[in-house]
Structure formats: structure tokens, C-alpha cells
Amino acid sequence: MATTCTLNLSSDMLSSPINITASTTLTKAALTSDLDLIEMGRGTIAEGDGSKTAEFGLPTALGADKAAKLFFVNKATDPTYYIDIDLHDTNVGRLYAGDWMFIPYGMNDTASEFVIEAEPAGATCPYEFALFQEPQTLVAHS
Amino acid sequence: MATTASIAITSDITDSINFGINEQMTMTQADLTSDLEETTGLAQRTFSGSLTQVVLLDVSTFGAITAGGAVAHKVYIRNTGTDKTKGFKVFLADAADDVEEIGTLFGQDWMLMPWLATDASEDIMVKPSSTEKMTIEYAVFHQ
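Line order of the protein sequences matches chains A and L. Per the numbering used here, residue 90 is the first one in the first sequence, and the count goes up by one each step. Per the numbering used here, residue 3 is the first one in the second sequence, and the count goes up by one each step.
Some hints here could point you the wrong way.
Distance windows between CB atoms, simulated [as the list claims (entries may be wrong)]:
no., chain 1, residue 1, chain 2, residue 2, range
1, L, 135, A, 139, 42 to 50 Å
2, A, 130, L, 10, 18 to 26 Å
3, A, 169, L, 39, 14 to 22 Å
4, A, 211, L, 14, 35 to 43 Å
5, A, 101, L, 34, 25 to 33 Å
6, L, 34, A, 103, 17 to 25 Å
7, A, 128, L, 26, 18 to 26 Å
Derived coverage of chain A by chain L (criterion: at least 3 residues anywhere in the stretch with Cβ under 8 Å from a Cβ of chain L; other residues may be distant) [what the hints assert, rightly or not]:
no., region
8, 97-108
9, 118-126
10, 185-196
Hints were generated in silico from the structure; no laboratory data involved. Just so you know, even glycine gets a beta-carbon here, dropped at the ideal spot from N, CA and C.
The shape of chain L in the complex, shown without the other chains (with noise of 0.2 Å):
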């Protein structure tokens, strides 16, 4: 039951220098070589009429919290808008409940990262910068 990701980032940002990142990876549990086992699929969901900030992703639907934070859960979000002027902000609650925004998604942008999800409180949330329908499309990928 593999899941691999693999990223290719090409740039031609200065003149003088191109270069390119190719890197793959097989999602595995942490500290075994064995494979991630349970998903949520890849969902949707779409926001119309509000600029409200809410939770994604609820840490508490991802079964028993690990103490110690041995997990490797991964997290895969793209806004799929075309427009790269509107964008979702993506923030990580910490265990104090405080808000740390990661950053924004504009049109097409997506992000893939790893997911502690060891306390009840370090839900992902999204917040959209416009009224207008938007669209986020995720998957959790854990053990």
C-alpha cells in the first residue's frame, strides 16, 4: 500500500544560473520502514460568502493522539482557482490554541507537509480572501 510523492521544481529566476529539484519520496510511519496505512482520500471543499477563518482539518478525527508525536502524517492542500489573486490563508493551531499562519495559497498553489497532529488542539485552518466561490481540494495521508 505505497504512497509516493515526488516534486520537480524548475526555475529560471536569474539569467545566469537554471536549475532544477527532483526529489521523491515513499510516505512511511514513523521510525519503520512500513507504509502509511489510512487516508482520507482526496476531498473538497468549497467556500462562498464569507471571509471566515475556519477548521479544515480536525485533529480529532485522526484517531488516538500519539504521545510523543511519533507520527508521519502528511497533508496535501491546492487551491484549485485559477485566479492568482485570490488566495487561502493556511494556519496551524498550536497547543496553546494560538494561530500560526504558514502562509497563502493563490490560484493553483498547493503545499505538502508533515503533520504532528499529536494534540488536540493543532487543527489546520483555512481562511479565503474573497467572498467569491472558492475552491480547496485536500487529502490526509497518516497513520
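This is chain A alone, in the form it adopts within the complex (with noise of 0.2 Å):
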């Protein structure tokens, strides 16, 4: 139940190009066993939404020192529309149209949970994302 990410990223900004190719089979923290929870989909933002916390990987204590990574991408057109990316009070960066991100993500705690928000005004951002995880931790029925 493997699951693999690539990057293959170019520029050529220098004289002497930069090529990068890196792959990672992502795996449990400090294992070599997959990981094997995956939550995906899609949803909008509009830039009257305000500051959300995105609806996907809730954080949680159960969370803390585990695997998770994350990927989100921007699919506006619009190359002025971006997603404004913040973990908990912390700005991480801006997405703009057609960018992507792939982070680990810690999920430590409730106070780690991914914010985001369209802007500028008049903004409507349709996104992408999939969440790979560590299995939860099944809870007693009461």
C-alpha cells in the first residue's frame, strides 16, 4: 500500500541549470511501514469567505510526531488570486494561481491547524487537496 511522491523541479536562472529529482515513498514516523489513511478533495474559497480553517486533517494531540504530509494546490486562473497559507497564527506563505505546496504536517495539536484565505477582493479560489496520515487512533464507543 505504497504510496510515492515526485518532484521534478528545473530553473534555469543560472548559468549552470538547476535540475532536482527527488522521490519519497512516505512512510510512518521513524518506520519503514507505509502510510495507509488518505483524506482528498476539492473545495472554494471566495475572498468574502474571510479566514477558514480548512475543513481536511483536523489536528489533534493524537497527532504529535506522526508522518503526515500534505498537498494543496491553487486552481485559479486568475494569475492575481492567491490563498494566503497559515499553520495555526503563523503566515507560511501565498499560493497564486496554479501553485502547489507539499509539506509534512505536523498535526501536533489543535493550536497547528491549516488556515487559509482568498484574497485579493473580488478572489474565488477553487482548491485541491490530499491528506496522507497515520491510521487514527480508534476511540471506545460510549
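With the hints in hand, could you dock these two chains into one complex?
Next up, the structure:
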């Protein structure tokens, strides 16, 4: 049940071009066994919505020191539309139309939620995501 | 001077659903269609004998702070080791000089993310999980 993730990056900014190929198989924290939980989907956020906590991967203490990975892409086509990305109250950066990101996601506690906001005024940004995680701990039925 | 990045994810996590994700982006400047024009190049840093959290990317080295955060920097980081039991925790400081953990890069894991880098305290920091020799490679593509 393997999940592999490959990056191909090339840049001709320098006289000697940069070419990076990186590939990883997503495994549980400090283990060689594969991640085995996925959550993926699509949504839309508009500037008028304000700052929103993403509906996926809501962090809990159970996520501490796990090996989750998050892929997120801004599917807007207007180059001026961007999604502002925060982790809790820390601003990570902006994903402009067509930009994607792939990060390890600590999901350590409730203070590491993934927060998104569409900008500028009038912007509407469709987005897609995939979150790969370790299994959640089942809790007793009460 | 184009910089492009593509990602391909394949997974058979479930028995009944196999899927793939393929996306490509050309890294452009904020609000523009012109390309990013500066880079650190591909750099490498090796850690040995210490578990100390250190600054990997100091925001003050990336030129003038842009008011309002109108930047589209991208950061690439990879744990070049092959040991899946050892990792680098990656952190981002916030404006109050607090620290937010992003996550852990285990052996061969990589990340590519936007970086606001508009506040003097928004450094990117890493912390190795082992005192054994561990190496990280990184690059910043910026305005």
C-alpha cells in the first residue's frame, strides 16, 4: 500500500541550470511501513469568506510526532488570485493561481490547524488537497 | 529564466482505489506573470553531534522586506538521508518570534512550499532527530 511522491524541478536562472529530482515513499514516523490513511477533495474559497480553517486534517494531540504529508493546490486561473496559507497563527506564504505545495504536516495539537484565505477583493479560488496520514486511534464507543 | 516544478503522487493506499496526482507550476512573481529571478542555488548542510534547532534560512538575507507580503518565494528542502527512522523537524517563526512546527522530513522526504519571508522573524529552522551525521539540501527561489 505504497504512496510515492516525486518532484521534478528545473530552473535556468543560473548559467548552470538547476535540475532536482526527488522521490520519496511516504512512511509512518520513524518506521519503514507505509502510511495508510488518505483524505482528499476539492473546495472553493472566496475573498468574502474571510479566514477559514481547512476542513481536512483537523489536528489533535494524536497527531503529535506523526508523519502526515499534505498536498494543496490553488486551482484559480486568474494570476492575481492567491490563497494565503497559515499554520495556526503563523503565516506560511501565498499560493498564486496554479501554485501547489507539498509539506510534512506535524498536526501536533489543536494549535497547528491549516488556515486558508482567498485574496484580493473579489477573488474566488477553487482548491484541491490530499492529506496522507497514519491511522487514527479508534476510541471506545460510549 | 523559467523555474518549473512538477509533482507526481501515486498511491494504492486502498485496495479498491488507485489514483494519481499530477500538477505542474511555473514559479512567477506575486501578482505578475513574470518569472522569479533570484535563487540561492542548491545548497547543502550537514549536522553531526547536535540536536540543536538552528536557523536554516534567515529571512534577512533575502533582500528588502516587502510590505504587505506581496511575494511568491518558494522553498525546497530535502532530507538526503535514506534512514526512515531519522528526520529533521522543520519550523517557521512567526512575527512574535514564536515557533510553529511544520512537520518532519524523514529519510528521502522533501517539501516545496511558499514562503512569505516579509517579517524579520520569519526564519525557517530545522532540528535533527539524531546526533549521527544527517544532511539536508535546500534551495530558495525568490523575487
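So, going through the hints one by one against the coordinates:
The beta-carbon spacing between residue 135 (chain L) and residue 139 (chain A), approximately 47 Å, falls within the hinted interval of 42 to 50 Å. Remark: the range hint 18 to 26 Å for residue 130 (chain A) to residue 10 (chain L) is upheld by a beta-carbon distance near 19 Å. Between residue 169 (chain A) and residue 39 (chain L) the beta carbon distance is about 19 Å. The supplied range of 14 to 22 Å therefore holds. Between residue 211 (chain A) and residue 14 (chain L) the CB atoms are about 41 Å apart, so this pair conforms to the stated range of 35 to 43 Å.
A hinted range of 25 to 33 Å is violated for the C-beta pair residue 101 (chain A) and residue 34 (chain L), which are about 18 Å apart. Range check, residue 34 (chain L) to residue 103 (chain A): about 21 Å between beta-carbon atoms, so the 17 to 25 Å window is met. In this structure the hint that residue 128 (chain A) and residue 26 (chain L) lie 18 to 26 Å apart at CB holds, the actual value being about 23 Å. Counting residues of the region 97-108 of chain A whose CB lies closer than 8 Å to any CB of chain L gives 8, so the stated coverage by that chain holds, three being the minimum.
For the region 118-126 of chain A, the stated coverage by chain L holds: 8 residues have a C-beta nearer than 8 Å to a C-beta of that chain, and at least 3 were required. Residue count for the region 185-196 of chain A with a Cβ under 8 Å from a Cβ of chain L: 11. That meets the three needed, and the coverage hint holds.
The earlier numbered hint that this structure contradicts is number 5, and it is the only one.
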